[in-house]
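Once you've looked at the hints, go ahead and assemble the two chains, each given alone in its own frame, into the complex.
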Amino acid sequence: MNPPELKYTKEHEWARIEGNVATIGVTHFAQDSLGDVVYIDVPAAGAEVKQFAKFGEIESVKAVSDLFAPLGGRVAAVNEEAKKTPELVNKDPYGKGWLIKLELSDQSQLKHLMDAAAYTKLTASGH
Amino acid sequence: MVPFGGWDMPVQYPVGIISEVRAVRNSAGMFDVSHMGRVEFSGPGAVRFLGTVLSVDMPALAEGRSKYHVICNEQGGVMDDAIVYRLGPERWLLVINAGNADADMAWLRSRLAGHASSSGAGQAVKVEVLSQSVGMVAVQGPKAVEIIDGLSGGAASLIKRFWLGEANVAGVPCRLARTGYTGEDGFEVMPPAERAAELWVKLAAAGVAMCGLGARDVLRLEAGLCLHGNDMTVENNPIEAGLERFLFLDGEGYIAAAALKRIRAGGTARVLTGFKMVAPGIARHGMSIVASGQAGALRQAQGAQIGVVTSGTHSPTLDAAIGMGYVDRQFAAPGSRFGIDIRGKLVEAEAVTMPFYTRKKM
Numbered sequence: 206m207n208p209p210e211l212k213y214t215k216e217h218e219w220a221r222i223e224g225n226v227a228t229i230g231v232t233h234f235a236q237d238s239l240g241d242v243v244y245i246d247v248p249a250a251g252a253e254v255k256q257f258a259k260f261g262e263i264e265s266v267k268a269v270s271d272l273f274a275p276l277g278g279r280v281a282a283v284n285e286e287a288k289k290t291p292e293l294v295n296k297d298p299y300g301k302g303w304l305i306k307l308e309l310s311d312q313s314q315l316k317h318l319m320d321a322a323a324y325t326k327l328t329a330s331g332h
Numbered sequence: 047m048v049p050f051g052g053w054d055m056p057v058q059y060p061v062g063i064i065s066e067v068r069a070v071r072n073s074a075g076m077f078d079v080s081h082m083g084r085v086e087f088s089g090p091g092a093v094r095f096l097g098t099v100l101s102v103d104m105p106a107l108a109e110g111r112s113k114y115h116v117i118c119n120e121q122g123g124v125m126d127d128a129i130v131y132r133l134g135p136e137r138w139l140l141v142i143n144a145g146n147a148d149a150d151m152a153w154l155r156s157r158l159a160g161h162a163s164s165s166g167a168g169q170a171v172k173v174e175v176l177s178q179s180v181g182m183v184a185v186q187g188p189k190a191v192e193i194i195d196g197l198s199g200g201a202a203s204l205i206k207r208f209w210l211g212e213a214n215v216a217g218v219p220c221r222l223a224r225t226g227y228t229g230e231d232g233f234e235v236m237p238p239a240e241r242a243a244e245l246w247v248k249l250a251a252a253g254v255a256m257c258g259l260g261a262r263d264v265l266r267l268e269a270g271l272c273l274h275g276n277d278m279t280v281e282n283n284p285i286e287a288g289l290e291r292f293l294f295l296d297g298e299g300y301i302a303a304a305a306l307k308r309i310r311a312g313g314t315a316r317v318l319t320g321f322k323m324v325a326p327g328i329a330r331h332g333m334s335i336v337a338s339g340q341a342g343a344l345r346q347a348q349g350a351q352i353g354v355v356t357s358g359t360h361s362p363t364l365d366a367a368i369g370m371g372y373v374d375r376q377f378a379a380p381g382s383r384f385g386i387d388i389r390g391k392l393v394e395a396e397a398v399t400m401p402f403y404t405r406k407k408m
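Chains as they are written, first to last, in my numbering: chain A, 206 to 332; chain P, 47 to 408.
Just so you know, the hints here were simulated from the structure itself, not pulled from any lab data. Accuracy of the hints is not assured; some may be wrong.
Some chain A residues flagged as far from chain P (calculated, every beta-carbon gap over 12 Å) [said to hold, decoys possible]:
#1 Ala235
#2 Ala258
#3 Glu286
#4 Asn295
#5 Gln314
Some, not all, of what chain P presents toward chain A, calculated at C-beta under 8 Å [what the hints assert, rightly or not]:
#6 Ile64
#7 Leu176
#8 Thr359
#9 Thr363
#10 Ala366
Fair warning: this is a prediction, and the values are worked out from it, not measured in the lab. Here a beta-carbon is modelled for each residue, glycine too, at the ideal position from N, C-alpha and C.
Chain P on its own, in the form it takes in the complex (with noise of 0.2 Å):
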């Protein structure tokens, strides 16, 4: 157990990571994340509220359907990234980080505050925090939709793709978001709070293997996906970190659309890039990364720093050491080599595009 954004956490269970990341990758695997922010936002007003603060076409989002984006501030600095799901026709529910819950909450607060005393009547919204009261369960694996469909009467796999739906769960009552953070296909499944470790035994009995967060980390690696506070932090903005995809600029009011806007008219110097090891050694976050030999020759003096390691590990599922980390621009092409610095040793890697594994499609 280690302690994780104020919670306990398991790194693993007793079959260690490689067997958990081998589990989602070739059958189902869960993780307990009931330790991420869940916060409910409703009323009249919660549309044009959220679509200020989120990289949201607001307004746009189906009822039922969900949207990956990032909360910038002002300056569109990373202060987390998101999952937004709409629940009904003036209902949404918001899931973040647990490391960033307590800032966020904070930031949103201020500007919820700045929002009611601007926009007048007709206008209320409404914030509740679930965190405590509803419990999560991510069930990821290509027999993930198979699995909670045995256990649902067959209602989750009506559920697409990054929608949102509800059912009884082994008898258990959940709603069930189809999305993930692992490359896999599976559900975000979440009962009450207080039945959450029921709901837990029972995954278990159907064939669930238990993951901890060693094998999450590995396996949102693995598929590309960004861990907010290593990969990204508010001193980067979104376009550098490679998620220029996920925003939305043009929403009424949104405060980061202005800053946004003029970086990535401007470009940036440095972007996150994907790289595999082409000899031995496991890069790790924070390392550096430097010009060596042909990437050297581009521009650089051989043996100066152009980057840094933001996550690094072993791949069990491509037997690879890969990681991602921001380099200068002209390092960033696939093929560039670059070396990384690990512990005194300059190990040579390989700029690569993501994600590093790609699930089969069905």
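Chain A with its partners taken away, still in its complex shape (with noise of 0.2 Å):
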């Protein structure tokens, strides 16, 4: 269920990475939790963001939930599909739910992440 290739945190966003540049959602237990996605608060292209801290905010119709970063670095790119359409989070959750693109700043912040085996076990656990 959770693409192998992918990075994850424990507060259930993932991370692709493809050279410099991460590509970042939330995973399928996130979208499972929280229903159906209505809107999603991202930052625009050019913001910096910092590992761990919140970057956004994604609201379905019963609840908020805050964003926080994978990786730290500049946003290159927001889904600008997904905001339009929140759904995509909940129907495609690692393709077209995407929700932004970092340039990263540090590439040794990878090793803070959880590989999709350790967050599967995780999510199993009830979290």
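If you want it as structure tokens, here you go:
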């Protein structure tokens, strides 16, 4: 369920690393707990985010949740499609439902993230 | 599952809140509302007693009819909102909110004790709590009547809007009330408690979608219907809550009449208004409403608090963020703009007339 090539946080975000750019989204577990996503608030391109700091909000019909950056860097792109059609996060959390792309400031931060096996174990315990 | 008024209730079923809302708007959905308080009042004194505690013209309520109303204390504070149904010449059913049921009943019983000591012979009132013995399933949506009709041999559609009747639904003997809390046509179906689960399964088999509390909250807000505990509490009066049309104040001995007439004559400083978000963001219960832009030029300094959000959500039917809240009266006119403090960020909203959604008449 959780793609093996991605990195994960305990706050249920994922990162796909391609060179010096990371695509960020929320996991299947996150979208399933939130329910129907109706609103996404993320910073515009150019903004700086810090690893594990709050960078935005994601809101479903029933709840709002903070988004935490898996990695630090500068926002290189925002998924305008997902902002317009937030249900993409529910339908395709690891694909069309991505949120932002980051130009990484420090590749060594990757060592603080979980791999798919560790994350799957975390969510299996109900967190 | 979440705790709700002393019951475990589903927020949503696996298809999710938006799909459940769409089912009710486009076809038919059902809600297990067996948690709601149901109390029968009967006897020769019941009509007079109920007239003293409900904002309803009790003698005028015909057999088989129902009336939405508010239950107010002597100060005019809204203790609950409720529906009263006349079941027979001397029998009435009162349906109250689960979370208020204990407080309502304690208050009603104390009023009844006073009534009994002052009214004397021939005015007996019997009170029977039916909450545990009778189930209740609300079946709502444009196809609800057709589906229940099919399961009741055509008996359901003979019951007019806001009326009450009895029929076998899928073989289960039920009381049927053509009322609801979604803005759609439909029934609140009351089977014996021990057959409620069987009825639920048969309704599901007939194509009625299962819906939870989350969808119910979205639907009632789209329809501009208040939720007691959110949009009004005992601290509010029904006039500022926009419920004046549900007040009958001329009943014999109605206990809130004096207070409510005084409030009505004096006007209220704040009023419950509907709003739509103009900028992206979703208002939620408890957020501050503040003066902004053109509204601020009226009287209040920009940024001054002028109200509070009581309900807010994303409306899938309108594809817009909507809400309601109390605002100072001068900001309540449709078209007035104000800011909502969404976790420290001011997001603009505009006052609009409720309901947000009105069903198409068949």
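When the least beta-carbon distance from Ala366/P to chain A is tested against 8 Å, hint result:
violated, 10 Å
Separation of Asn295/A from chain P, once the least beta-carbon distance is taken, above 12 Å: Per Cβ check, Asn295/A is inside 12 Å of chain P; nearest 8 Å; violated.
Check your understanding: Does Glu286/A sit more than 12 Å from chain P, CB to CB?
Key -> For Glu286/A, whose nearest Cβ neighbour in chain P is about 15 Å away, the distance exceeds 12 Å, so it holds.
(request) Double-check Ile64/P for me: the hint is only fine if its C-beta lies closer than 8 Å to a C-beta in chain A. (result) With a closest approach of 4 Å, the Ile64/P hint holds.
Using 8 Å as the Cβ threshold, decide whether Leu176/P counts as touching chain A.
violated, 31 Å
Satisfaction of the Thr359/P interface hint, Cβ to chain A closer than 8 Å | The hint holds - Thr359/P has a Cβ within 8 Å of chain A, the shortest such distance being about 6 Å.
Nearest-CB test (12 Å) between chain P and Ala235/A
Since the minimum Cβ distance to chain P is about 14 Å, Ala235/A lies beyond 12 Å and the statement holds.
Minimum Cβ distance from Thr363/P to chain A below 8 Å? violated, 12 Å
key: Interface-negative label, Ala258/A against chain P, beta-carbon threshold 12 Å   = holds, 16 Å
task: With 12 Å as the threshold, tell me whether Gln314/A passes as away from chain P on beta-carbon distances.
output: holds, 27 Å
Consistency with the previously given hints fails for numbers 4, 7, 9 and 10, ordered from lowest to highest.
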